[in-house]
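Since chain A is already given, all that's left is putting chains B and C on it; use the hints.
Protein chains in written order, with numbering that gives the first Met the number 0: chain A, 0 to 218; chain B, 0 to 197; chain C, 0 to 377.
Quick caveat, the hints were computed from the structure, so don't treat them as lab data.
Predicted model only: the values in this text are computed from it and were never measured.
Glycine is no exception: its CB is placed at the ideal position from the N, C-alpha and C atoms.
Heads up, incomplete: computed chain C residues facing chain B, CB under 8 Å, no partners named:
| id | residue |
| --- | --- |
| 1 | Gly37 |
| 2 | Gly42 |
| 3 | Val124 |
List of simulated lysine-lysine pairs, DSSO-like, C-alpha gap at most 30 Å:
| id | chain 1 | residue 1 | chain 2 | residue 2 |
| --- | --- | --- | --- | --- |
| 4 | C | Lys172 | A | Lys2 |
| 5 | A | Lys58 | C | Lys202 |
| 6 | C | Lys351 | C | Lys249 |
| 7 | A | Lys2 | C | Lys277 |
| 8 | A | Lys84 | C | Lys331 |
| 9 | B | Lys50 | B | Lys169 |
| 10 | B | Lys173 | B | Lys50 |
| 11 | B | Lys173 | B | Lys33 |
| 12 | C | Lys202 | C | Lys21 |
| 13 | A | Lys84 | A | Lys58 |
| 14 | C | Lys202 | A | Lys2 |
| 15 | C | Lys277 | C | Lys170 |
| 16 | C | Lys296 | C | Lys156 |
| 17 | C | Lys170 | A | Lys2 |
| 18 | C | Lys277 | C | Lys156 |
| 19 | C | Lys331 | C | Lys156 |
| 20 | C | Lys277 | C | Lys172 |
| 21 | C | Lys351 | C | Lys21 |
| 22 | C | Lys357 | C | Lys202 |
| 23 | B | Lys169 | B | Lys118 |
| 24 | C | Lys357 | C | Lys249 |
| 25 | A | Lys84 | A | Lys188 |
| 26 | A | Lys58 | C | Lys351 |
| 27 | C | Lys331 | A | Lys188 |
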Amino acid sequence: MGKIVSASVQKDAAEAIVTSISEVAGIKAEVVERSSGTHTRNVVVVNSSPTSWRSLAEKLYSDHAVDYCSMITGIHWPEGDDDRKWEVVYHLLRTGVRDPPSEDGVVQPIIVNPSTVRGFGTPVEIEVHVHLTDSRTPSIDSVQDIWVGADWNEKETWDLVGIDFDGHDGMRRVLLPHETPRGYHPLQKQHNLRYHGFEEMYDDAQGFMRKPDDVGKIK
Amino acid sequence: MAEDGQNYSVFNSRMLVDVVGDVTDEALKASRMKDVIGVLAGRVFNWGQRKSLFPLHLGIKCCALEMAAAGASRFDAERFGVFFRSSPRQCDVRLVNGPISKKFAVPIVRLWEQMPEPKWCIAMGECAISGGPYFQSYNVLEGVDTVIPVDVYIPGCPPRPEALIDGFDKLRQKIIRIGVDVDDVRPESDAPVIIGDE
Amino acid sequence: MAEMWISMGPQHPMTHGLWTLKVKVDGETVVDTEPDLGYIHRGVEKICEARDFTQITTYCDRLCYASANTWSHSYIYAAADLLEVEVPERAEYIRLIAIEIQRIASHLMWLGAYGPDIGNLSIMVWCLREREMMMDLLQELGGSRMHYNFPRIGGVKRDLPYGFAQRARAKLKLFLNRIQEYEALYDESTIFLVRSQGVGYAKPEEMVNHGVSGPNLRAAGVNYDVRWAHPYSVYSELDWSAPVERSSIKGADCYDRYRVRVEEMRVSASMALQALDKIPGGADTHYEPEDPMILAKAPSRAPEGTSGAHHFEDSRGESMFYIAGGGEGRGKQPYRVSIRSPIFITIPFAAKCMIGYKVADIPAIMGSFDPCIGETDR
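If we strip away everything but chain A, and leave its shape as in the complex, we get (with noise of 0.2 Å):
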């Protein structure tokens, strides 16, 4: 039969990490399964302040081996509370992966037995909310040296949704077209899908007449 991670493993990984980063201030962690339909996983969800997250992310990576950032997420609440306009949402992955060795110059595959993973080999989700006030410029620290998965995630975010990242080293458009306006991001919730009219957002709705933004930026 195929071999796959048992779901108790899985929950005693999990709880190991939630009581290790529990001692940190600001943060909130627990232990929630998930089903989709089918298997259940048990996945930590964390709550946390944005001046902790910095820490958070780096105890994170040197001490439960957290290597693998998937996806960053920005979303705008703009009926929220006053210090929830803003959402950032984590998801990290840690997957047990190591270099393989090699013996006598021929490297020995690593086939990890999925039955009987434990420990820091053990993969696990974590999944961290991140909630910031409500600005005009809504930022967070970056994580781009910790995790380098999660650079262009930031920029797309950036891109998209408006929120900028501290730190962060060259910032620059990579899905909207690299002349679009400055302070235009189009995931924001106060802009329609779609501006048929000329005044609305800006004076050529097919966008050809704009000069370039980050002209210094791109090569």
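Then chains B and C, alone, in the frame of chain A:
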């Protein structure tokens, strides 16, 4: 005695070509052969054009996979003379097969300008006809015919390869109707060509 | 030597999809690269905020058009997490068959497009011939050649048609024989071996830190696969193991990535055959649409404060949807749909892998990471 620089060749070839050309032209016009040759040559060019349509090797989105499937072994399009070329300077049909975003609007007009006349454009799939399922999106043009003149529309999402081959057939019938020399049918686009920009 | 930036611009026969790769070359050696995406950015995430949950499935098919079924299933699992539905087991088996056949079709498309990059033009028509076989099977299941809109929240849209099991078994067995032809064509070609071995090295820990997963990671000697690491569906009932390639000391090169995908096609074919044998209710029975054996009743509203997320093993890596509920229509539409595309993260990594090699190696390296720009630009 000759001086330096004096041209000895009474036989100036340039003048000879002009003189012979004018004389032949007058002779053909007088005997009405010119019309016959013109019609025959036009028919031959038209036949050559429509039997060997070279589309551009440009795949924008999902319809590109159906375009590739149309060129593959099951629905072989090469037996119809359709052979994909990589450079826009060497092709005569633009097959637009996906939604045009604002970022791609400038390159697609430039690719259209780079194609030599006579050229035609086929809009394949819903996204190229009207924006498709992304009709209401902030970044998608409502159809490629807002920027390029389109000759044939092939609906479908994505259209089957048989539909694409049928689209080429309709283009062939259109070429028979309008002829190869299309200057009087379609006006020149007035977007400027910028070489070397970006 | 003079250094200059060359723009392998949006229209280029080598780039699988519509994006620009700006390459800084010093003579013939690549010194720096910069990818430029966004040419088919359609704003799917914003459109999905104005659609019902069932209507979003059609958009997810069109995200990565080469492997449409895997993306719509990825969305459906996340929506099932949000709306909290229990899916019947027969539906899971049907979904697994659809996903694995789609994975085979996607890898065939990659294999067929990789050949012309290297210079082998006949493999393209051979692979597309097999892909037509797989697309016929998927057309029987889903109704159209490419965008099937096959899963529903709570199950699948339709059961296996009459005779599907017999045709699928015959075609998959024929396909397993044909894979040997492709291997022979590639492995016995010196040009292919020279162009793809020793090029584009990548080590596993570096790849994981960059966010690369899937076959690109398994080519480097580690067998991390989301299907066993964060389990979903009925993969535990089948006998399979994720294919791994033994790489060199410097990491995985293009040849390893090619071999891993060929092995994945074999594994997927055998998984589909096993699923046809083990499906509850038998593969020859046919239930009408909306029968509780294949479709469970699902709620259609998700109140504010709920969210659903699901990691999924797509043909190109680990894809993920995060859906926040509570949108328009008192929760009939989502508040935010966020899509994680594996290739969006792999492209900057692949661009880094190219530094130090020659210009002629760029198509080989870029093609071996299997980019599909539809999911990148969303």
